[in-house]
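Colleague: These are the residues of each chain, in order.
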Amino acid sequence: MKIFFKSSFLIILFFAIVLSGCKKVLDINKSPNTPGQEQATPKLVFPSAVMATAAQVGGEYAILGALWGEYATQSAFANQYRTVEQYNLNGLDFEDAYEGMYARALGNYQLIINKAREQHDWNWFLMATVMKAYTAQVLVDLYGEIPFFEALQGSGNLAPKFDDGYTIYKSLLDSIDVALGKDFAASTNTPAGKADLVFPGTGSTDIAADADWITKGNINKWKQFANTLELKMYLRMVNKKPAEAQAGIQKLYSAGANFLTEDAAVRGFKAEPGQDNPMYEQNIQGLNTSTNIRASFTLASFLQAKADPRIVYFYGSANPVSMHQGDYLNTTATYGSANTLVQRATDPVVFISAAESYFLQAEARVRYFAGADAKALYDKGVLAAFTSMGENGAPFIAAGGKYEFPTGSQEQQIEAIIVQKWISFGYGVHYLEGYFERNRTGYPRTSPVYSTESSYVPGQFVVSKNTVLPAGAFPKRIPIPNEERTGNANTPASVPLTTPVWWSL
Amino acid sequence: MLCLTIQVFAQLKTITGRVTNAEGKGISYATVAVKGTSTTVAADENGNFSIQAPPNAVLQFSASGYTSSELNIRDQAFIETRLTAGGALTEVVVTALGQTRSKAKIGYATSSFNSEEINRSSPVNPMDALAGKVPGANISRLGGPNSSTKVILRGYGVIQGGDNQPLYVIDGIPMTDARFGELDLDLLPSEHYDFGQTLADLNPNDIESISVLKGTAATSIYGSQARNGAILITTKRGRGGKLKVEYAGSVNFSMVSKLPDLQETFGQGWDATHGGTYIPENGSWGSKFDARKRVWGSIVDNSQLIKPYVFIDDNVRNFYETAVEANNSISFSGGGENTNYYFSYNNVYSNGVVPTNTDLLSRNGVALRTNSKYNNFTINSSFNYVNRKANAPFTGQGDAAGASMFEDVLQVPTDIKVTDFKDYKNKFFNVDNYFTPYAENPYYILYENRATQTSDRFFGNVDLSYRLTPEFSAQLRAGGDFANARTFAYKAVNAPKPGTWNAGNNPEGAIRKPDDGTVREGSEYIGAINGDFILRYNHSFDKITLEALAGYNYNQEQSRTVLTEITKLLIPGFYNLSNSTIKPNSTDASTKRRSMAAYGQAILGYQEQLYLTLNARNDWSSTLPINNNSFFYPGANLAWIASRTFDLSNTKVSLLKLRAGYGKTGSDPLPYLTAQSLVLGSIPIPFGSVDFPFNGVSSFRSSTQIANESLKPIITSEAEAGIEARFFKNRLGFDVTVYDKRTEGQIFAVPIAPSTGYLTLVKNIGTTQNKGIEVAADVKPVVKKDLTWTVNYTFSKNKNKVLELEGGPDYVRIPTYYNFNAEMRAYPGKPVTAIYAPVPKMTEDGKIIVNPATGLSILSDDKGFYGNADYDFMMGLTNGVAYKNWNLNFSLDYRKGGIMYSGTSELLLFTGNAYVTTYNDRRPFIIPNSVIENGVDANGKPVYVENTTPVLEADYDDYWNHGTNDQFTYKYSFIDRSFLKLRDISLSYRLPVTWASKIRSTGLMLTAYGGNFLLWTPGSNVYIDPEASNLGNDLTSQFGEYRTAPTQFHFGVSLKASF
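Residue numbers (this note's numbering), protein chains in the order written: chain A, 237 to 741; chain B, 727 to 1785.
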């Protein structure tokens, strides 16, 4: 027994020695595979956040826009987007895009805004504020009501309340105003260089090399982007808050706001997997077929009727074979040769195009400034749209030209602006905006008959052939994804797809 | 001196013989000693021995579980002796920490297998031999050449944040069980490689025994790694005596087992039309077979092929070949007074059922083990090296780089002969003009693409012990397991030439997307080191015995994975990472985990009838928050041999033992979950991603997962109770165990609402319960001099339930590799294997709402419950008949209930190859019990009227297609998991010793065997062997399969010889 006790003592001593070294030996739980959260800086995070917005708005949501904006339609020899074409969406659809918008875009903009505010770095503050507003605005326009004021707090609030779209719009506009009011000459501001994916600084990303960036550089373009976004959002209000829309726009003008004269877009995509345009990556690169979506008769018939050369940009042919919207169950041989919607790996993802900026200004002029300069801005818009698609639009806007700005009523002028704007969204996978603007203005008009009828007027929207909605109805929103619903008890009851979002007709 | 030695030797003679049990079956490793000398030898696994003894010596025979006996050899040269069983009480099992214990003292259930049982049908992976034979164990080979095996003990307890894999222990040292090469760079990999698991590196002929400890009560002293039970493998060791050589060789043939039954009525086409516009379609939605000669396939040089329009029998089966496998092992063992040694070499070479070398396997392994004893000091060592080279085709879905062979074999229309395509460079079957632009020639994939893996593995241990006093000893054991695998895979770049059939010059205008090609190189390393220092103390008091130990454990696991991939190959046929126009895509990940532990155990015995085991362990783990990284857990079990307490000698009862146990195990989290991190800025999107660096800019963003600085370990606690009884002199016995296992505080990446700015939150939540019953019974209906018949039966039923997910979501979706619409969901009150999938929208009174335009149903907003993916129960039946020198063994494995997802079925429904697609002879029909919505009533509630829109002939393909009728087709893609298999059958003949000795052999045995024959499945499963899966070997695999490889049956002959 003696030896037993002696040994017990030895054991205890042994453990005492071994375990005292424990802490150091066991302190190895820092991942060698990922940097720590404390390494985050605006410059490091911003490109990814911008790309997250671009990847959804110019990716999964762009496909929705292409189909619901009647630029393209589901192929009769493929299945990929049949539920979209049927307007048959539920909580399982667009989960990836929704995740991307909140967890990869908005969350990171908020991170940059917080860091930039701490560091009084107002360049980044404005850039992230504008991108956050743009991203949130797209979500409101798609879903109607979204979590906003209580969102993006991580484990601090796992069930953020949903807010109505109008309140969110007002808050976004205020936040842009606040950001625009900051001191852009402050010494605490830092240049973005190439990390600004939207208006990249020239030269190197090195701070010293970009020393003159603040005065010469691109923050002025961000201010234009901010103003143009405000203009777009105020115009969205014309149906439901006309007075506020007017006041907001007049305030912009009286403050001498400059608007975009070039595209606010992410460029630089290459024909490589993972480096290409997101809609191309998703719909062509990643799939085993490149012919999922084909020319829609709605747009093709219009362009054909007008002998608009941009038809080649859209469908690769001056005389494309097109499909009637949603007619995918009709597997005639003709549809086998239907032209596909041309997608290019190198297409930019446009947030707001120069053409769109001009069209927005033209509409504001028509509505609130008695049409002063409206024609000039409209003409600039049409020319910019043609140029972006590699064509010359001058003959079309000339006197007697097919797209000459109408001299008739305000409503006729707005129709001309919106129809031209609809076509312009074919550049830079910007289709989603075409769908939104039709919901706001009702242009292009709705056809009383399906497009196969002889009385069909080219360019008028038709309800998809295989719709599941009540007769004549178009979808006005998409459903909140199930992952939000299951994770957030504050998610309101689902609303039909036909219920308009707050600003919509 | 030399002379003298020879003199001494000359007086001895060699006695050979065999030690058998009452039934005449050899007793493995029985000990034979010459009385009064130090000469001791061990019999081989068949009971054969050879010993040097002087004339008229007395031999002593002993073996665990048997009563020892003595025999005077007189002048005999061959001795056969029978030992009588000493009853189950003397049976010895291996328990945690590699301790050998009398089974009587153990308060929990174990199952043990000896070398002969394991090697009966010459498996490459030792666990394959145990399928259906261990109550409470779900063991299944996943199917496919060189595939892994799934081993799950007592149900799935861990839903997330860990795994359900048992701990494999070799000679007391935990070993890693990795599945190298499984990974791929895609975010949602669509293709799946299975090169097998490192567990299969162990040569089954090197194994002396396997003991399976299923419950936490048995394993809690092992700590976190054994939370899901442990499988203890004891390897063969040298035994004293002269050099002994053992050889085992087998030749094995395999063929594919169950394949889908295809419909035989309709051929190639789409929308109920054969050929014409639909001639390039890869489906069997054409018209009925009419045996007329018709053109088919592409038009090349103004010519087209002609064949009769008839069904092709055994089309898929004929694609596969007979696999041949050779498995050879040789071992040398022996030893002297102080040191014994054992050396073995094993070679496996096989070429699987897939044509070409796509599924080649070559494995070489050596093992060297020594045991030395010097007075009170013993030192044992074991060194093992295995080199393995395996080729494996991928299963699942092809991607932009190239297509999947298994998928493309299945989607050939029913009237087109797959084997015709073998000439894949023929102008009609090549890349340009293969009959369809929607698929690829499977032979092209076989001949042009390749995935190969070479691995090296070293594992071993050194074990030192010193006996301080007869009662007190110390042991130091250290071991390591280091494995590295290099995986190299490529797919050829190709594109249909402009103007050809597949470049769009077909009636559908469909273009086959070019294959970008790929080269992928991966290097994966896993290294584990483990050390134990154990002090043991044994003491007998008056009526009480005490066996106590205290130990310290150090464990470290390290992994490193580097994978690089290129795509868009520049030069065809050149496979190197330099061959691309774009930069390579790489990942680099390493992990390191360390733990330390202190543990103690005490076994108190009372008068050899009551044994109480108490144990406790404290762990310190690196993966827990550094200031809160310690956790403690105890265990206890009690065994009472009632038949020793009460005198039952006048009854038929030979043994009655009752036992009860309770144990807890803590399990640490995976590494790196406690600190918030940034991740590379790449943005995943459906079917792809937008990657950084982008355009010369790189970026990191916030991880979408919220880390947890206060993580706690997962605690598994289990109570079990059992009764073991034997009757009629041990001829009938049963062993029943009931258990209740709870796994608490599981570590989930809980999905949270994206509006929080994150997608998941790491958190300890949820408790799952596995409770069940396990029965093992054995009976010897016939015990005669020359004939014995033994029957073993096992039954197990496990009931799995999620008890709560408090603080988490309503349910947890179990992620699988593929982005399915169907999924397993863990809901409180339901099993973790509950399957949910899209369902049709129904009215309140249960009618199907359809789209008036198409007559097809509408998708419901939420998914519906389809069934449980786990078996209701499992049963095994093993029969052994020994007649003179003949032995016949066979075992049946029956598993009942549960459903599984079949991606094979999904593909066959899509292509119209599936039997069920001939519903109603493919004539128009109205979905029974269907309605359409027709406005709303005064209360705003929808009004439904009877549906009159039929599903047309031309819409059959849409009706059966997941893409267009998801909510309906899942009903046919979930299949019944039940099956009955003749797991293995073997007939052995032991050549008479007189014959064997002519070639100086001490034992020769010939065996013919087969396995996985006679698969029975319910009539509804016309698709696939329900054991097949390519979704891993853990919980996800229970979901089912996605276009995986068929399983196989095999037969072969083996020869075992000892010299």
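None of these hints come from the bench; they were simulated from the model. There may be inaccurate statements among the hints.
Claimed, not checked - Subject to a maximum C-alpha distance of 16 Å in a straight line, what follows is the list of computed EDC-like cross-link-like pairs (lysine to aspartate or glutamate):
1. Lys1294(B) x Asp329(A)
2. Lys459(A) x Glu498(A)
3. Lys1239(B) x Glu508(A)
4. Lys1667(B) x Asp1588(B)
5. Lys1556(B) x Glu1530(B)
6. Lys1115(B) x Asp1016(B)
7. Lys266(A) x Glu1570(B)
8. Lys1033(B) x Asp1016(B)
9. Lys616(A) x Glu640(A)
10. Lys1318(B) x Asp1268(B)
11. Lys638(A) x Glu651(A)
12. Lys476(A) x Asp400(A)
13. Lys1309(B) x Glu508(A)
14. Lys1318(B) x Asp400(A)
15. Lys1573(B) x Glu1659(B)
Colleague: Evaluate each hint against the coordinates.
Modeller: Quick rundown of the hints versus the structure:
1. In summary, the hint linking Lys1294(B) to Asp329(A) is not supported, as the alpha carbons are separated by about 31 Å, beyond the 16 Å threshold.
2. For the proposed pair Lys459(A) and Glu498(A), the alpha carbon gap of about 13 Å is at most 16 Å, so the pair holds.
3. Of the pairs offered as hints, the one joining Lys1239(B) and Glu508(A) holds, with about 15 Å between alpha carbons and a cut-off of 16 Å not exceeded.
4. A hinted pair counts as satisfied when its Cα atoms are at most 16 Å apart, and Lys1667(B) with Asp1588(B) does not qualify at roughly 20 Å.
5. Between Lys1556(B) and Glu1530(B), the direct Cα distance comes to roughly 10 Å. Compliance with the 16 Å bound is thereby established for this hinted pair.
6. Distance check on the hinted pair: Lys1115(B) and Asp1016(B) sit about 49 Å apart at the alpha-carbon level, beyond 16 Å; violated.
7. Between the alpha carbons of Lys266(A) and Glu1570(B) the distance comes to roughly 54 Å, so the proposed pair goes past 16 Å and is violated.
8. Annotation: proposed proximity of Lys1033(B) to Asp1016(B) holds, straight-line Cα distance about 12 Å (limit 16 Å).
9. Among the hinted pairs, Lys616(A) with Glu640(A) is consistent with the structure: their alpha-carbon atoms are about 12 Å apart, no more than 16 Å.
10. Of the supplied pair hints, the one linking Lys1318(B) and Asp1268(B) is violated, its CA atoms being roughly 50 Å apart against a limit of 16 Å.
11. Distance hint between Lys638(A) and Glu651(A) is fulfilled; the C-alpha atoms sit about 14 Å from each other, no more than 16 Å.
12. The straight-line distance between the Cα atoms of Lys476(A) and Asp400(A) is roughly 13 Å, inside the 16 Å bound, and the hint therefore holds.
13. For the hint linking Lys1309(B) to Glu508(A), the alpha-carbon distance of about 9 Å falls within 16 Å, and the restraint holds.
14. For the suggested pair Lys1318(B) and Asp400(A), the alpha carbons sit about 48 Å apart, so the restraint of at most 16 Å is broken.
15. Proposed proximity of Lys1573(B) and Glu1659(B) is supported: the alpha carbons are some 11 Å apart, at most 16 Å.
Checked against the numbered hints given earlier, the structure breaks hints 1, 4, 6, 7, 10 and 14 and satisfies all the rest.
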